[in-house]
Amino acid sequence: MTDPSPWLTSQRQGSNLADVLERVLDKGLVIAGDIKICLLDIELLTIKLRLLVASVDKARQMGIDWWEHDPSLSSRHRHQLTAERPMEVSGPEHSDEARVPLREQSGTGEVTA
Amino acid sequence: MTDAQYVYAIGRAFDPTGIVGIDGAAVYPVAHRDLVAVVSAAPPDEAALTARLQRLDELAAVAGAHHDVVAAVAAQTVVAPFRLATIYQDEDRIRELLRHRADEFAALLDRLAGTVEVGVKLHAQERPPAPAAPTTSGRAYLQQLSQRHRHRDEQWRHAATAAERIDAALGAHALDRSRHRPQPAQLSGAARHNIFNAAYLVPTGQLTEFTDLARRLANDEPALQIEVTGPWAPYSFAGVRP
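Each protein sequence line maps, in turn, to chains A and B. Basically my numbering = 1-based index in the first sequence + 220. Basically my numbering = 1-based index in the second sequence + 601.
No lab work stands behind these hints, which were simulated from the structure alone. Glycine residues also receive a C-beta, built at the ideal position from the N, C-alpha and C atoms. Check before you lean on any hint, since a few could be wrong.
With beta-carbon atoms standing in for the labels, derived distance ranges [said to hold, decoys possible]:
1) A:Ile251 x B:Glu810: 28 to 36 angstroms
2) A:Val250 x B:Ala741: 38 to 46 angstroms
3) B:Tyr742 x A:Asp261: 16 to 24 angstroms
Which stretches of chain B does chain A cover? Using the computed rule of at least three CB atoms under 8 angstroms from a CB of chain A, they are [said to hold, decoys possible]:
4) 629-641
5) 652-661
6) 679-689
7) 753-759
Please build the complete structure, drawing on both the sequences and the hints.
Next up, the structure:
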């Protein structure tokens, strides 16, 4: 392969919403712009994510359907999700346990550098 | 143009053809000498934008668009991604930023040129202890309980030690590394726990070698499952070093 651009074939592959959010909200170069936008705190966000995914239909609308593609997920887990069990909201000290992957895909083994 | 602008990243010259930003806006370069800001038009209403980004579905869409722009430009040239929702009043203010911090940005881009970020997550699979015999007494039950706790503690210790070993080995093959907070792999009820989450800065030419190494190291640890993500633009290495 002569393609020097690994990104062209791998946009969003192997990444999920949690991976993307942790980078664009928590990493990256912080520059004070002219217009101040107050973003959700990443911990608050993870609480919201957990609440949101309590509704499977809503999750599907957003493209959070990774459990349908991940062969490592057991049918037991899938059953739990489809049961629309209300999720507990935990305090901020536990909230980073609530990141939710968007569209789990295979890793990046096929990417050429 | 005098409208407000999102800034996605700074980098070097790139071809904006076909790159679409937040809300479908066309992406274009704003340059000062050889420093280039990656921008698109943004709505000037700050309150509406803030309100919108508190809604998770909107935030996910905006974050995804930000990420796609950064990835598209990173495919062409070196970039230092900005944190989401960095907005300037107009192009002149962006040029002023580039002029004002030219040396700092140039040094940053030189450091990031020819590199990619690789994400590595390690998950510990909790293995149940051997099934216990039915208990007949309270004392035996308590003994079983404490045995189970010991078993679990040992598993965690073992997994954590293995993760540190893998991190050290990967760190030796990377230009830099950055620890992230662990993510849960699944929402709840799953027997898989994310115990380690990190990003490594790797020369682009060594990407495949690095990801192969990561998988090989993890395969040697039956207690751990590995998840490799990327290549990413160097988000985790674009910040000012502490």
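Here is what the structure says about each hint:
With their beta carbons about 34 angstroms apart, isoleucine 251 of chain A and glutamate 810 of chain B fall inside the hinted range of 28 to 36 angstroms. At roughly 58 angstroms, the beta-carbon separation of valine 250 of chain A and alanine 741 of chain B lies outside the given 38 to 46 angstroms, and the hint is violated. Checked against the hint of 16 to 24 angstroms, the C-beta distance between tyrosine 742 of chain B and aspartate 261 of chain A comes to roughly 44 angstroms, which is inconsistent with it. Counting residues of the region 629-641 of chain B whose beta carbon lies closer than 8 angstroms to any beta carbon of chain A gives 0, which falls short of the minimum of three for the stated coverage.
Coverage of the region 652-661 of chain B by chain A holds. Counting CB-CB distances below 8 angstroms, 6 residues qualify, and the rule asks for three or more. Using a Cβ-Cβ cut-off of 8 angstroms, 9 residues of the region 679-689 of chain B lie near chain A, which meets the minimum of three, so the contact claim holds. Counting residues of the region 753-759 of chain B whose beta carbon lies closer than 8 angstroms to any beta carbon of chain A gives 0, which falls short of the minimum of three for the stated coverage.
Hints 2, 3, 4, 7, counting from the list given before, are not met by this structure.
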